[in-house]
Amino acid sequence: MCSRCLELTRRSLLAGGAATAAALHAGVAQARVRPQDMVPLVGPGFKPTERDEIGLWKEMDRVEEEISGTNLLITDRNITGYLRDLIGTVGGPAAKDFRIYLARIPEFNAMMFPTGFAVVFSGLLLRMRNEAQLAGVIAHESGHFLRRHMIRSWRDQKRKTDLFAIGAMLAGVGGAGAGVYLGDYVQLAQLGTILSLFQYSRAMEAEADSMGARLIADTGYPPVEMANIWEQLIGEENASARYRGKHRRKGSIFDTHPSEGSRMADLRADAAEITVPGKVYDAHRDRYLTNIGPIRPMLLDDQVKLNDPGASQYLIETLAQDGWNGLLRFYEGEVWRLRNRPGDEQRAAQSYAAAVAYPDAPAEAWRSHGIELMKQGRSAEAKSAFRRYLTIKPDAPDAAWVRSMAG
Amino acid sequence: MKPEPRGALIAATLALAACSSVGDDYGGFSDYSAIRVQRVNVGDDRLSVVAPRPWNRHRPVLFEDVRAVEDWTLNGPLLDGISFVTGLRDGKSLIRQRRTTSQQVPIFRSNMTPPEIAAMIESLYRVRGGAVDFRTVSLQPRSFLGTNGFQLDYEHLDDDELWRRGRAVGTVINGQLYLVLLDAAKSHYFDAALPDYEAIVASAQLRR
Amino acid sequence: MVKRGLGIALAASVALSGCVQTRQYADVQFTPPSGDYKLLVLRPDVTVGSLTTGGMVEPRADWTDQARHSIVEALRAQQARRGGKITIVEHRNEVPGVTAQELADVERLNYVVDQSIVLHKYLGDYLPTKRGKGLDWTLGADAVKLGQKTGYDYALFLHAEDSVASGGRIALGVLGLAGCFIGFCAPNVGGQQQLDYASLVDLKTGEVVWFNVVTAGSEIPGIKFGDLRTPEGAAQMVDRLLGRMKPGKEAAKGVVMTPEPQEKR
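These protein sequence lines are chains Y, X and R, in that order. Mapped onto the working numbering, the consecutive letters of the first sequence carry residue numbers 1 to 407. Mapped onto the working numbering, the consecutive letters of the second sequence carry residue numbers 1 to 208. Mapped onto the working numbering, the consecutive letters of the third sequence carry residue numbers 1 to 265.
So that you can see chain Y by itself, here it is in the shape it has in the complex:
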């Protein structure tokens, strides 16, 4: 069944399995970095002069070439334009000219490269509740490159490896080279590994957090949203793990971004420190929802179909804090249906029934509602639901089957 199923133990686009996780630096408490101390070390037009950094940039060029050619990009200009504007606003001095690659990967992540491009995973867009949060993630990532964390991390890794013992083999090589080659991403499966290659120390994370808070506050977003992002992420991880009865899943964002309770506290303290009393901050939730709206069904679909019920449920409930609607109720039903534990079918049926009561219910909600009615023996109502589905979506892929049921 399914040629590749036996070969893959788990599709992990983030960690790629072999990337070593950044150690959770246990024990040592990290002193909070004050936002006002965070100034960019990189300005527009910056070009590296040191050999190893030049080598690193060359590799990033190769990465960009591979990414730009992948099948997995969302190229909708409205969305990428919206992202570009946002990145230009909070990404620091150089970010206005950045190239954006939005990859259709249902995981939370984003990365900015000093060579002038950013990669955003679609899972990020699903999880952010407002524009401030999205800006916060972007600002955090730009913090990493504005403070030159990448080259520092690169050099740290080089020091740790034993490559320098091979003197003879390095002879004649132009440039000291670096520990890891970024550019050989022939396959999508490795796309995620680029985001785990830079392993930031706890100190670097503190800097990025701090810088991020400052950048968004300067733009007029409430800096406390930075803390909210992480809180939501942690909640999702815990929900996913709790459902499975074990600890946090491997290959998550937390492998590269160590997170501790004190980090939450630091973020809140940052926010408090730079919030100017009397200044008006706006998280721009409506603007965000409007811009992301067209792809939200796809984002939910990708997430729910991973069948990680703990995480999906948590996400839907978080999004529902802004109000339930037909779309969310439908996908809530899908989560139950896919989870399929005792009692889940009834829960799914209830969710579908709730979904169709909303004006924005997706067509599929009618079909799924009809299927549940059919199973309950309410065939007249079922047929009516099926007919409604066919009216909304006469060219649906499964229209032929539904038609045969609708009578």
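Treat the hints with care, as some may be off.
Capping the alpha-carbon separation at 27 Å, the derived lysine-lysine pairs in DSS-like fashion look like this [to be verified]: (1) Y:Lys58 / Y:Lys96; (2) R:Lys145 / R:Lys133; (3) R:Lys145 / X:Lys186; (4) R:Lys85 / X:Lys186; (5) R:Lys133 / X:Lys186; (6) Y:Lys375 / X:Lys92.
Keep in mind that the hints were calculated from the coordinates and are not lab data. Because the structure is a prediction, the values reported are computed rather than measured.
Could you slot chains X and R onto chain Y? The hints should help.
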């Protein structure tokens, strides 16, 4: 770090081969045996089919395969494959998985309708098969094994960046799932295998 | 799949010697290209990395670039000797007549086909229906269209991997296999592992007409075989890979046939 499977195993197994020969393939452990052009039982032996020409049957590896599922291929499972599901029972899934895995392939339920079975197949590909995109092309009624079954046509993009196409013809009899599925690279291989597949589906018979 | 991979790897480790092994497969009617042909070489997939103490291969950017450069030069020189016009393409948008997307699609299919050939011809997981048929894989109509649009007769896909033991490995000199699951490690079998394969596609038919794998392994860490990063090493690899192209079975018997477009599945 980039995983490098082929280097590892190629280096290891080439020792078995003679040097620098234009040769044939002998030796090595093959997971495959040839199906002859005659009626054969598949899967749990509940179903029998006839192939119009020899295919390669994948020998089940202990602990990894579900008894009711059998896989065939012509050019290798990365390029094409026909899978038979013969009497999958309520509560079973199409593939073995650990209960603690965070992303689960849904299990089969006897009261599943074709859209739900289609969704189960989609999840299989997304969760385990490395599919990053999956599109249902059509779902329609189709008679199979003398009952009112269904035919699902789909496409998926996998993490090796290759688009693949699939067709599944199935039905539920006495609460058990019977399915014959073709999955192959969209470029060339699916179309090439389709006539064989349709012949095999037409030949399928339930065994008592 | 996991258990089988381990089984093969373990069984074979005993038999590994320090020899260079090549193994060619050709379509039964294949004759090596000669005379006036146009060959397209697509983005040679080259990686040179370092074998760390733990047995992992960490690709090295600088070594890779060196090797890539050496291989490309060696390819040009080698093909020049054979006659025929060779074009080596580094970026997908460099081939007139086709879009980058069309080229990418052919490359991706070829990658999977190559993987299948390696799996089912070289790793011993052979497919009984392909016995006696030499090389029986095709890229299909998309490759033929590529040939028609660009005017090339053959396309060569090249994959070269090399890994050099790090200082830690030389010191340890460990022989044996790290516990391997497919995709996550390389065997700890010595100093240098070199794996290269090439596939030649006849663009008039879309078929893979020739495939070769070269592997050079040294059991004794510190002893290097043709280092891909050097011009000599690259020329050596290219020669082993392409230079000794042999005709297919039926062609070798003296029955010279032009390859016919066959119904390949």
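Structure-based check of each hint:
1. Annotation: proposed proximity of Lys58 (chain Y) to Lys96 (chain Y) holds, straight-line Cα distance about 21 Å (limit 27 Å).
2. For a cut-off of 27 Å, the pair hint linking Lys145 (chain R) to Lys133 (chain R) stands: about 25 Å separates their Cα positions.
3. At most 27 Å may separate the alpha-carbon atoms for a hinted pair to count; Lys145 (chain R) and Lys186 (chain X) meet this at roughly 16 Å.
4. A distance of roughly 32 Å separates the Cα atoms of Lys85 (chain R) and Lys186 (chain X); the hinted pair therefore is violated under the 27 Å criterion.
5. For a cut-off of 27 Å, the pair hint linking Lys133 (chain R) to Lys186 (chain X) stands: about 24 Å separates their Cα positions.
6. Between Lys375 (chain Y) and Lys92 (chain X), the direct Cα distance comes to roughly 20 Å. Compliance with the 27 Å bound is thereby established for this hinted pair.
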